[in-house]
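Trainee: So the chains spell out like this:
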Amino acid sequence: MSLRDPLALARGLGSAKDGVRHWWLQRLTAIALMALVPWFVVTALGLVGADQLTVRATIGQPLNATLMLAFVFSLFWHAQLGLQVVVEDYVHGWLEIALQIFIKFACALAALASALAIGRIAFSV
Amino acid sequence: MAAQQRPLSPHLQIYSRQITSVMSIMHRATGVFLALGAFALMAWLLACAGDPDSFAAFQSLAGSMLGKIALFAFAGALVYHFLNGIRHLLWDVGWGFEIPRVYASGYVVLALTVVITAAIAFVALNAGGAA
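Same order as they appear, the protein sequences are chains A and B.
The first sequence begins at 4 in our numbering and counts up by one.
The second sequence begins at 9 in our numbering and counts up by one.
Some hints here could point you the wrong way.
Unchecked claim - Here are the computed lysine to any residue pairs in the SDA-like style, where the Cα-Cα straight-line distance is at most 20 Å:
no.: 1; chain 1: B; residue 1: K76; chain 2: A; residue 2: Q55
no.: 2; chain 1: B; residue 1: K76; chain 2: A; residue 2: T46
no.: 3; chain 1: A; residue 1: K107; chain 2: A; residue 2: V90
no.: 4; chain 1: B; residue 1: K76; chain 2: B; residue 2: G45
no.: 5; chain 1: B; residue 1: K76; chain 2: A; residue 2: K107
no.: 6; chain 1: B; residue 1: K76; chain 2: A; residue 2: A47
no.: 7; chain 1: B; residue 1: K76; chain 2: A; residue 2: F43
no.: 8; chain 1: B; residue 1: K76; chain 2: B; residue 2: I128
To be clear, the hints were calculated from the coordinates, so they are not data collected in a lab.
Fair warning: this is a prediction, and the values are worked out from it, not measured in the lab.
Starting from the given sequences, assemble the full structure and let the hints guide the process.
Mentor: See below:
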């Protein structure tokens with residue numbers, strides 16, 4: 004049995020001081036997605052069955068390309084923040100750390116790849 | 009660690025399901041599922057930016073029965089997570105914490121999810137059928 008006071012064990016291991024930032028960014032990206040998701044759904048529905056040239060011409064319009072970039076960045080940022088909490092809650096040990104690293108890299112890479120694709124479409128129309 | 013065996017709270021299985029707890033875990037589940045959808049969106053953008061073969065490959069995958077089911081599931085999850093997310097943001101600003109309101113907003117979210125998802129599926133299938 005340890006003679007250390009339970010408070011001493013907990014002290015210093017508490018908040019990493021980034022909880023508010025995480026909470027706030029999750030809400031901020033949620034507010035952005037509140038506007039961007041309806042736009043995306045309407046735009047995507049308009050492109051069902053369209054050929055590649057039509058899709059590229061639509062996404063390539065400056066306004067659409069801007070909104071698509073904003074959507075993709077907000078989406079992957081929001082997804083990363085959410086997945087991080089889910090992993091924190093349900094996965095522990097080394098798998099938790101490995102998953103956290105994997106999720107951050109995967110979301111960052113996917114956001115970059117999406118941005119590259121949008122850029123290629125926008126600059127080649 | 010606690011030296012004595014403290015009583016544990018009852019296990020989750022013995023609670024009767026309530027709309028509050030079920031919708032809460034559904035928000036998480038749809039969120040994780042939609043993260044996969046985000047990668048599907050990336051694949052779509054890459055296919056559009058790529059050569060005609062890559063676009064055709066994505067089109068045939070999305071147009072297959074499995075693709076349609078996946079897209080329908082993504083649409084439903086997106087609508088639910090979107091609406092329930094607004095519910096969460098309203099709670100964040102302090103609105104609707106009273107239990108009757110929590111239940112009412114929950115039923116509104118569920119009803120609207122069904123209606124809007126059906127509308128999206130209707131538009132998508134009609135547009136897809138015409139093409």
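Trainee: Each of the hints needs a verdict: does it hold here or not?
Mentor: Checked hints:
no.	hint	result
1	B:K76 with A:Q55	holds, 19 Å
2	B:K76 with A:T46	holds, 18 Å
3	A:K107 with A:V90	holds, 12 Å
4	B:K76 with B:G45	holds, 13 Å
5	B:K76 with A:K107	violated, 29 Å
6	B:K76 with A:A47	holds, 14 Å
7	B:K76 with A:F43	holds, 18 Å
8	B:K76 with B:I128	holds, 12 Å
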